[in-house]
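Sequence order for the protein chains is A and B.
Here the first sequence stands for residues 1 to 199, where the numbers follow the working numbering.
Here the second sequence stands for residues 1001 to 1199, where the numbers follow the working numbering.
Simulated from the structure, these hints should not be mistaken for laboratory data.
C-beta: ideal position from N, C-alpha, C; glycine also.
Errors might be hidden in some of the hints.
Computed beta-carbon distance windows for the label pairs [claimed, not checked]:
id: 1; chain 1: B; residue 1: Asp1092; chain 2: A; residue 2: Thr40; range: 23 to 29 Å
id: 2; chain 1: B; residue 1: Ser1015; chain 2: A; residue 2: Asp133; range: 39 to 45 Å
id: 3; chain 1: B; residue 1: Thr1141; chain 2: A; residue 2: Glu135; range: 52 to 58 Å
id: 4; chain 1: A; residue 1: Asp159; chain 2: B; residue 2: Gly1182; range: 15 to 21 Å
id: 5; chain 1: B; residue 1: Glu1030; chain 2: A; residue 2: Val20; range: 16 to 22 Å
id: 6; chain 1: B; residue 1: Asp1187; chain 2: A; residue 2: Arg28; range: 41 to 47 Å
id: 7; chain 1: B; residue 1: Asp1142; chain 2: A; residue 2: His136; range: 50 to 56 Å
id: 8; chain 1: A; residue 1: Glu16; chain 2: B; residue 2: Ser1015; range: 24 to 30 Å
id: 9; chain 1: B; residue 1: Gln1147; chain 2: A; residue 2: Arg28; range: 35 to 41 Å
id: 10; chain 1: B; residue 1: Thr1141; chain 2: A; residue 2: Gln147; range: 44 to 50 Å
id: 11; chain 1: A; residue 1: Asp133; chain 2: B; residue 2: Asp1187; range: 20 to 26 Å
Chain B side only, calculated, beta carbon under 8 Å to chain A, not exhaustive [to be verified]:
id: 12; residue: Gln1011
id: 13; residue: Ile1043
id: 14; residue: Arg1069
id: 15; residue: Leu1176
id: 16; residue: Ala1194
Here is how the chains run, residue by residue.
Number of protein chains: 2
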Amino acid sequence: MSNEHEPVAWQWLSSESLLVTPHLEIRRDEVIRHNGSRATYDILHMPRDFVAIVPTRGGDELLMIRQYRPAVRRDSYEIPAGGMDDGESPKDAARRELMEETGYAAGELMDGAGYHPLAGRSNVICYVMHAPDPEHVGKPTDPNESQEVFWADAARFADLWQQGLIHAGATVTATLLGVALGWLRWDLSQVLTARRFPS
Amino acid sequence: MSNEHEPVAWQWLSSESLLVTPHLEIRRDEVIRHNGSRATYDILHMPRDFVAIVPTRGGDELLMIRQYRPAVRRDSYEIPAGGMDDGESPKDAARRELMEETGYAAGELMDGAGYHPLAGRSNVICYVMHAPDPEHVGKPTDPNESQEVFWADAARFADLWQQGLIHAGATVTATLLGVALGWLRWDLSQVLTARRFPS
Chain A
1 MSNEHEPVAW
11 QWLSSESLLV
21 TPHLEIRRDE
31 VIRHNGSRAT
41 YDILHMPRDF
51 VAIVPTRGGD
61 ELLMIRQYRP
71 AVRRDSYEIP
81 AGGMDDGESP
91 KDAARRELME
101 ETGYAAGELM
111 DGAGYHPLAG
121 RSNVICYVMH
131 APDPEHVGKP
141 TDPNESQEVF
151 WADAARFADL
161 WQQGLIHAGA
171 TVTATLLGVA
181 LGWLRWDLSQ
191 VLTARRFPS
Chain B
1001 MSNEHEPVAW
1011 QWLSSESLLV
1021 TPHLEIRRDE
1031 VIRHNGSRAT
1041 YDILHMPRDF
1051 VAIVPTRGGD
1061 ELLMIRQYRP
1071 AVRRDSYEIP
1081 AGGMDDGESP
1091 KDAARRELME
1101 ETGYAAGELM
1111 DGAGYHPLAG
1121 RSNVICYVMH
1131 APDPEHVGKP
1141 TDPNESQEVF
1151 WADAARFADL
1161 WQQGLIHAGA
1171 TVTATLLGVA
1181 LGWLRWDLSQ
1191 VLTARRFPS
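Please work from the sequences and hints to get the whole structure.
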């Protein structure tokens, strides 16, 4: 309830489990805020955090997959990503997910950043890593995962983006972070454009 | 269960509500995947999608707030963001949230993109918008919201990032998107560095 920057005085009154399934838990927390007001938050806990891997080739291509996302009932063009298994480190999970979803073996894996995808509702963390020049070993090892594996340059990424086919947060966030950190030498301002919302 | 790009043949067997609260619903969906395997997904539905606003000044400063995030029990440096009220469009919500959290009035609001922050678990959408040169009107109008409001240049953003104080997905994603689309003329490769994961 505090951090190194400056303490914040919220008080926890209670935390009650509303639902537990193998995949998630919903807890209801009652708090008193810094200004004295009371509030209730229903918070999504997940048993495992997850990882997103930015696999690059020559600094200008990104290894992508196509998969179906049942939660949003849509096709999705993504980078490899997935939940950490029990006892796995982010790097262990990244190495496994990369192989399962693409059939590529990571060499060195480098930390990018951890972030909270849905900070207003869940404490789940996504750890972003860079996998430069992974080695092609064979087919994806998990048949339930990706339906297509391909290398995309900036123009291909922008084309999929423009079609609305890149919409999964981990992919959007991790790829943009990879560009910002120089993992991908992409000048997106030359190719990426805003997407108008459906009206 | 299909899109304009290429149809994907997943079959929904059932969808059952496991929990409904004022803030969220958890549904359990049973499906048959494209490859014939059966699977169960527990999916987070939220009654409202949300918006994230990238307010910029002169193309090189970003309006940020500090707020406490009970779901992660941490202080968080963010851009204005919040849930859409009933009947609100993304732009209506963006205008309201910007005023509530910062005391600034948006002029023109421009679409950036909608994305799914947690595509593996939830269908919730975050709509990112650009608010160039908003007008300062007064104090934030919602006392439960931000505890600090300030303009950040690239160096300040990078400093907060490096301290681990920028970790909320909507802020990370929307700001990086704003940089990629040229809303902010920031060369982050000069100031942003990777954050090592806690070991």
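Among the hints numbered above, which are violated by the structure, and what are their numbers in rising order? Result: hints 9, 12 break, sorted rising.
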